[in-house]
Amino acid sequence: MITLGIESSCDDTSIALVEDGTRVISSLVSSQIEIHRRFGGVVPEVASRKHLEAILPLLRDCLDGAGIKISDIGQVAATAGPGLLGPLLVGLSTAKALAWHTGKPLIPVNHIEAHLTASFLTAGRTPEYPFLGLIVSGGHSNLVLAEGPRQYRVLGQTLDDAPGELFDKVARHLQLGYPGGPIIQKTGENGDHKRYQLPRPMAGKGYTFSFSGLKTAVMRIVAHEKDNLSLPDLCASLQHAVSETFAEKVSMALKETRARRLILAGGVAANAVLRKDMQQLADRYRAELLLPSLHLCTDNAAMIAAHGYHTAQLAPADSLAVNAVASWDMGGPYNF
Amino acid sequence: MRYLFLDASENATNCQYGDDKSFFSRRFDTDRNLGACVSKICDEMLEQAGSSFGDIDLLSVCTGPGSLTGLRIAAAFFRTLSLIGNKPVSGIDIFSWSLKTLQQSNCSGKVTLVLPTLIDKAFVVSADIEQQSCQTPQLQARNAVGGQQTYAIRCDLPGCARLEPSPEALHELIDSRPAASSFDDILGVLPMYVIPSQAERKLEEKS
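Chains A and B supply the protein sequences, listed in that same order. Under numbering that gives the first Met the number 0, the final residue of the first sequence carries the number 335; numbering is consecutive throughout. Under numbering that gives the first Met the number 0, the final residue of the second sequence carries the number 206; numbering is consecutive throughout.
Mixed in with the good hints, there may be bad ones.
List of simulated lysine to any residue pairs, SDA-like, C-alpha gap at most 20 Å [what the hints assert, rightly or not]: (1) A:Lys103 x B:Lys201; (2) B:Lys39 x A:Pro315; (3) B:Lys201 x A:Arg36.
These aren't lab readings, by the way, just hints derived from the structure by calculation.
Let the hints inform the model, and build the full structure from the sequences given.
Structure, rendered in structure tokens:
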């Protein structure tokens, strides 16, 4: 069955076609990064406008490029939350029009849950449970134990900033540009990660994350070092501090839950240091690590289509009445 | 010609169905919840008309000014239906609709139309009833408007006569307005009067 996926929760408009939840037929993304760069972050009102402009050309290109007709689609899956409400409503309303007109089911999808499915999609596999999931992005930092489709036990989340947000804020402070994650990785590529001593926040304090203190620590170093500051060393040190913070919590979770499968997901999952550290950790615990391909790390509709396919049985019968919602816990009820 | 019209520029949603012989309007108390009920509203309108989507010849959607979220939901829904359902779609702005209403009420001459926004400003348009033409709307301070032949659309403003755009005027306007049927034209049916966000205003001030 072909699932048409629609994603518009933040600043990427995306349409994808996925077969049986495991094979990407086509996946197109229209990014607004250049538009929001001059604001130093995503402006929801501007993002909503751009989604509306981009979504129909993407839909047409996705279908035409794959040689698929609307009548070939078995179901429509769309992000219903969490995210920016204005952008979400553009994608969900487009999906509703498709479902309403064709009479095909609409599957509302939780965007964060879908990030975990991206790793299985990369491997061309159906999600297998249980698994330990670490979702790291610009808005999220969640460590969860997935026990079944839409069944999650949240082990830990961030008290303040998410890692992607931390990278954005630090990059802005250092006037490196936006988005921060890729720039910090590139700048720190040949840096010495031992040069600057940065804290490992909340170390030894359970599964809770906190990254705002790390941002303050970076700013202190910048102020102290002045002209002697080495940007490559600072970026390398920061990435290692973040990665080791995650490694400590994931290590503890692998031990306690005895999960034998670890999934890394979200935009920050593209970070090479974090990917390498997670691989070492998985090897140590003889767990299987599933990583999303780089283009499935960031927001995309392929993961939405795949997750919609795998959770279709759980979607409400009157899903056309489901509304978009800015905040939606993983595994939480659909919003009417 | 059978049409279905959706106006989500207010908290409530105004719909109209019409054909060559008659039309009817309904107001749905969607209260900023249009995202959840847009398809249900269409179902109810078509059911009341004893019609189906396949019978519709034209889709029409309000392009504002008004609630940007509501306008975008309606535009996203109707533009998609237009594309996949092969139905032409037209955009109706509230100023043209109001001007047609004044013409049908036998008003004449040059007028000023005022539509307040959520910020302390209002869209102000100079228009000509006989010509049925509107100049480009300007954002002005609310308290700076008023005077002879000045109409406040859907609200009470000091110094302005209140004007409710009428279903009869809409019916005539939809019938006379060209509709988009090519892909590029469908893409042009968008909310027309956008107030810059705070971030955009700040950036403009800086530059």
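Against the structure, the hints come out as follows:
| no. | hint | in the structure |
| --- | --- | --- |
| 1 | A:Lys103 x B:Lys201 | violated (44 Å) |
| 2 | B:Lys39 x A:Pro315 | holds (16 Å) |
| 3 | B:Lys201 x A:Arg36 | holds (15 Å) |
The structure fails hint 1 only (numbered hints given earlier).
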